[in-house]
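Asker: Taking the hints as your guide, dock the two standalone chains into a single complex.
Chains P and D supply the protein sequences, listed in that same order. Reminder that position 50 of the first sequence reads as 50 in the working numbering, one-by-one numbering, no gaps. Heads up: take any position in the second sequence, counting from 1, add 220, and you land on the working numbering.
Hint data in this document are derived by calculation from the structure and do not stem from the laboratory.
Here are the simulated distance ranges between beta carbons:
1. 154/P with 279/D: 21 to 29 Å
2. 19/P with 298/D: 46 to 54 Å
3. 255/D with 160/P: 30 to 38 Å
4. 55/P with 256/D: 22 to 30 Å
5. 289/D with 19/P: 35 to 43 Å
6. 283/D with 42/P: 34 to 42 Å
7. 285/D with 160/P: 29 to 37 Å
8. 271/D with 38/P: 36 to 44 Å
9. 38/P with 283/D: 25 to 33 Å
10. 44/P with 239/D: 42 to 50 Å
For every residue, glycine included, the Cβ atom is placed at its ideal position computed from N, Cα and C.
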Amino acid sequence: MKAAVVVFPGSNCDRDCKVAVERSTGAAVEMVWHAETALPAGLDLIVLPGGFSYGDYLRCGAMAALSPVMAEVRKAAGRGVSVVGICNGFQVLCESGLLPGALLRNAALKYVCKPVELEIVRGDTRFTRAFGARRSAIMTVGNGEGAFFADADTLARIEGEGQVVFRYADNPNGSLNDIAGLINPGGNVLGLMPHPDRAFEKELGSADGALLFQSLLEPA
Amino acid sequence: MRARVHVFLKPGVLDVQGKAVENALHGLGWNGVSDVRVGKILEFDLAGTDPAAAETEIRRMCETLLANTVIEGYRIELT
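Bound conformation, chain D alone (with noise of 0.2 Å):
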């Protein structure tokens, strides 16, 4: 089974990665840009078929080390 987990900081914390990224597509013409929001992904394999259990699984994984929930949600997705 693949996963992929995408990691976002929350709404409400200033992400000035984003702001810069937004800043920048405005300087290039685009402005209909808006609320630019720089997160990760990451994908990888795992084991067993069970796609209940493995999203309970990967979301002790995100809770654990993969996303900070002070300042990160996360969402996953199964293929």
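Chain P extracted, bound-state conformation (with noise of 0.2 Å):
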């Protein structure tokens, strides 16, 4: 597997998700600056990490979703190369509209750091097919602006495509119908507020974020 991460100024996760990918799958993993305009070539995974994107200026995500390298990924992202977003990841995708709804400051008003469980809505896609007959998995959430958010008929929607992939068991943010993680209808670009990458190792408290990636090396 050939995977690279995408370092906007200001990701701070960048370095722990090429790690987590290397580690999991044993995947060559590149970084790639956001002023790239082109991708290396024959790529199976995107990651649009965590952090703090152009300091969070203006909205979350906003101007990573228009940085240079972001029109590749989204060419890449149609031609069906597997794309995930975490956390600050998220909102970029859901900012640059490969997502659907947005990421509102958490309910509480409080930045959230800790682990949580996760509810395994869809076991079937292709970042979550490792986890077997298992509906839970637990991961760190990192995150002041996480509470997802669509309009009535946007949630309406997503929910009856079937595009929830991981909810919250108990809601740390204020995450509308408690949903941590999306999918978009091709199946191949997810974004999560939660950290596989802060979760890969046992020793990180939990090896579950191992399997989102390890799911992609699984056929089809």
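Answerer: Here it is, written out as structure tokens:
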């Protein structure tokens, strides 16, 4: 497997993502600066990491969504390449329109940083196959603006199309319908607020995040 | 031409920041305050003299970058 992690100015989980993908899957992982106008050839996975891209100025992920590399990520997503956006990366995917909805400030106004239990709503996606029959996972959240929001029609569509992949067992931030992670209708773009990259070895408290990356190694 | 763009969360989108400010105002005794909304104002100079053309241009800026129309509305003022 060949993967790339996009690095925006202000990304701070880019190294974590590289190490998590490498150790979970054995993939070769390249780092791609946000100003690049081309992606490495033959990518199977693009990771948009957590952090505070462009200082979270204006809105979280707003300027990152318009950076040069995102035009290439959009094209790659259109070709069916797997794209996963974690935390700030999820915000970038929503801002770029690759996923529906938006992330609002947490309901309790606090930055929340803790392990959370997730319900695996869809175990049949390319990002969740390795969870097998398991219906729950532990990963760590770390966000101040992680409350998923979409208008009523969009939310009904997301639910109706089965786009919800992960839900919080105990909602930490006020996300509508307890949504923690979403997939696009094509099934190749996943965004989630919890960090698989902070839960990929048991020394980190949970190794469940590794299964997300390992799912991509399994045949469709 | 000077432009001023107001960006606010849409009605119906919970503004937790506004809620916190409202609670603080109530705590200070201003109990008549309700429905506080916290937004942003962006000001900038824009080349050109045609207000209609400027408004069209700024609307495009809002739709592209300045506002996220999933959650935010905007209002443009030109002076």
